[in-house]
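We have chain A already, so just place chain B on it with the hints.
Below, each chain spelled out in residue letters.
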Amino acid sequence: MKVFLAALLFAAIVAIGVSILLEAIQEPSYVAFSTGGARVGNPGHNLVGPNG
Amino acid sequence: MASFVRFVRLAVGACAFLLVIAASVPCNAQQVNPTASSVKEQQLLQELNRIQGRVSIPDQRSGVLEQPAGRDWREFRNVTLRWIGGIAILGTIAVMVIFYLTRGMVRLESGRSGRTLVRFTAFERFVHWITATCFIVLAISGLNITFGRPLLLPLIGFEAFSEWSQWAKYAHIYLSFPFTIGVVLIFLMWIAGNIPNKVDVDWLKRGGGIVGHDHPPAYRFNAGQKAIYWIVVIGGGAVAVTGYALMFPFYLSGIEGMQLAQIVHSIVAVLFIAAMMAHIYIGTIGMEGAFDAMGTGEVDLNWAKEHHSLWVEEEQAKGHTPSGSTPRPIAAE
Chain A
99 MKVFLAALLF AAIVAIGVSI LLEAIQEPSY VAFSTGGARV GNPGHNLVGP
149 NG
Chain B
94 MASFVRFVRL AVGACAFLLV IAASVPCNAQ QVNPTASSVK EQQLLQELNR
144 IQGRVSIPDQ RSGVLEQPAG RDWREFRNVT LRWIGGIAIL GTIAVMVIFY
194 LTRGMVRLES GRSGRTLVRF TAFERFVHWI TATCFIVLAI SGLNITFGRP
244 LLLPLIGFEA FSEWSQWAKY AHIYLSFPFT IGVVLIFLMW IAGNIPNKVD
294 VDWLKRGGGI VGHDHPPAYR FNAGQKAIYW IVVIGGGAVA VTGYALMFPF
344 YLSGIEGMQL AQIVHSIVAV LFIAAMMAHI YIGTIGMEGA FDAMGTGEVD
394 LNWAKEHHSL WVEEEQAKGH TPSGSTPRPI AAE
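Chain order of the listed sequences is A and B. Basically the numbering used here = 1-based index in the first sequence + 98. Basically the numbering used here = 1-based index in the second sequence + 93.
Here chain A stands alone, though its shape is the one from the complex (with noise of 0.2 angstroms):
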């Protein structure tokens, strides 16, 4: 049982290390894809719309 829960606790810890990790170094798409000629803000959340 002890091995078991030091596995949960092991995949756990990498997943939120990489999680973290990712979110340092991965930018948003209308970062990434814009330049200075091109004014893109966040585009939020809701793409579809107030009626879905």
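Hint data in this document are derived by calculation from the structure and do not stem from the laboratory. Here a beta-carbon is modelled for each residue, glycine too, at the ideal position from N, C-alpha and C. Do not rely on the hints blindly, as some may be mistaken.
Computed spacing ranges between beta-carbons, pair by pair [to be verified]:
no.	chain 1	residue 1	chain 2	residue 2	range
1	A	Glu121	B	Ile186	49 to 57 angstroms
2	B	Gly286	A	Glu121	35 to 43 angstroms
3	B	Gly146	A	Tyr128	32 to 40 angstroms
4	B	Ser255	A	Ala110	18 to 26 angstroms
5	A	Glu125	B	Ile180	37 to 45 angstroms
6	B	Ala187	A	Glu121	39 to 47 angstroms
7	B	Ser130	A	Glu121	54 to 62 angstroms
8	B	Pro127	A	Glu125	54 to 62 angstroms
9	A	Ala110	B	Asn290	35 to 43 angstroms
10	A	Glu121	B	Asp152	16 to 24 angstroms
11	B	Pro289	A	Ser127	45 to 53 angstroms
12	B	Ile233	A	Glu121	45 to 53 angstroms
In silico BS3-like links for lysine-lysine, alpha-carbon gap of 30 angstroms or less [to be verified]:
no.	chain 1	residue 1	chain 2	residue 2
13	B	Lys319	B	Lys133
14	B	Lys319	B	Lys298
15	B	Lys133	B	Lys291
16	B	Lys398	B	Lys319
17	A	Lys100	B	Lys411
18	A	Lys100	B	Lys298
19	B	Lys262	A	Lys100
20	B	Lys298	B	Lys398
21	B	Lys262	B	Lys133
22	B	Lys291	B	Lys319
23	B	Lys398	B	Lys411
24	A	Lys100	B	Lys133
Frame of chain A; chain B shown alone:
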């Protein structure tokens, strides 16, 4: 005078005749083909292979407006894949149910001896359980990506499905990393014991003893376990590589490569799930005493002798003696 008129008539006639001949022969300098530059059918069909133009934004891939191979891929993703996955997974479940109802659990015929042999070390079990638990979450979250919308959404509604799918997607992405670590460690840890040999051929010929009461000899890993090992290593490797290609879109390839990555990832994944269901079955309810190997790491000596007799001989030759003792009868007072 008459002869002159005759001469003129002859000359005019000859000229007219020559003119008719000349007119019937195509003359490039004079003839115009009005449809020469119009689009031919074959040209039109080839143009439809890709509709693209020039764009001014930095992402040049956005210049491709339409890629008709994408329609074929969508057909695969929405129709073909669901059939393959459905048949593989539901088919495996059906076969296991029928097998369990007819054959039942493979029993330990000589009963438990009470003495145990160490089968897997703590590290081996640790690596197995990292991989196994990550696999379960990856399988469920992955199946949600393929089957969630048609099967789960109608049951729980948009809000719940959306919330669940977001968490499932994060779990799928981030747990892929410990899963990959587990697969690599499994490959390194157990490669030595999983090279096929002649004993495996005999084991397979005797059906592994799964039907009837045969007990073909085997070393530490029998042919069925070796098959699972290579499915995990090769299948796990394939889903990992294609998965990372999908996770980092267009880092390695264009749109065609992404479509191929999704096709390989999804087909290998559903077949992997079917194979692992069989593995989980035999390691839990399918065979008495099997779970102990990954649970406590120690297996009953009689279990080892029945299913891995050659491995027991090797262990005893190394001086690894079974622990525990046979129950002694209580002396009457």
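We went through each hint and held it up to the structure:
no., hint, verdict
1, A:Glu121 to B:Ile186: 49 to 57 angstroms, "violated, 38 angstroms"
2, B:Gly286 to A:Glu121: 35 to 43 angstroms, "holds, 40 angstroms"
3, B:Gly146 to A:Tyr128: 32 to 40 angstroms, "violated, 22 angstroms"
4, B:Ser255 to A:Ala110: 18 to 26 angstroms, "holds, 24 angstroms"
5, A:Glu125 to B:Ile180: 37 to 45 angstroms, "holds, 41 angstroms"
6, B:Ala187 to A:Glu121: 39 to 47 angstroms, "holds, 43 angstroms"
7, B:Ser130 to A:Glu121: 54 to 62 angstroms, "holds, 56 angstroms"
8, B:Pro127 to A:Glu125: 54 to 62 angstroms, "holds, 55 angstroms"
9, A:Ala110 to B:Asn290: 35 to 43 angstroms, "holds, 39 angstroms"
10, A:Glu121 to B:Asp152: 16 to 24 angstroms, "holds, 22 angstroms"
11, B:Pro289 to A:Ser127: 45 to 53 angstroms, "holds, 47 angstroms"
12, B:Ile233 to A:Glu121: 45 to 53 angstroms, "violated, 24 angstroms"
13, B:Lys319 to B:Lys133, "violated, 58 angstroms"
14, B:Lys319 to B:Lys298, "holds, 15 angstroms"
15, B:Lys133 to B:Lys291, "violated, 63 angstroms"
16, B:Lys398 to B:Lys319, "holds, 19 angstroms"
17, A:Lys100 to B:Lys411, "holds, 28 angstroms"
18, A:Lys100 to B:Lys298, "violated, 39 angstroms"
19, B:Lys262 to A:Lys100, "holds, 28 angstroms"
20, B:Lys298 to B:Lys398, "holds, 20 angstroms"
21, B:Lys262 to B:Lys133, "violated, 47 angstroms"
22, B:Lys291 to B:Lys319, "holds, 13 angstroms"
23, B:Lys398 to B:Lys411, "holds, 16 angstroms"
24, A:Lys100 to B:Lys133, "violated, 72 angstroms"
The structure is inconsistent with the numbered hints 1, 3, 12, 13, 15, 18, 21 and 24, although it conforms to all the rest.
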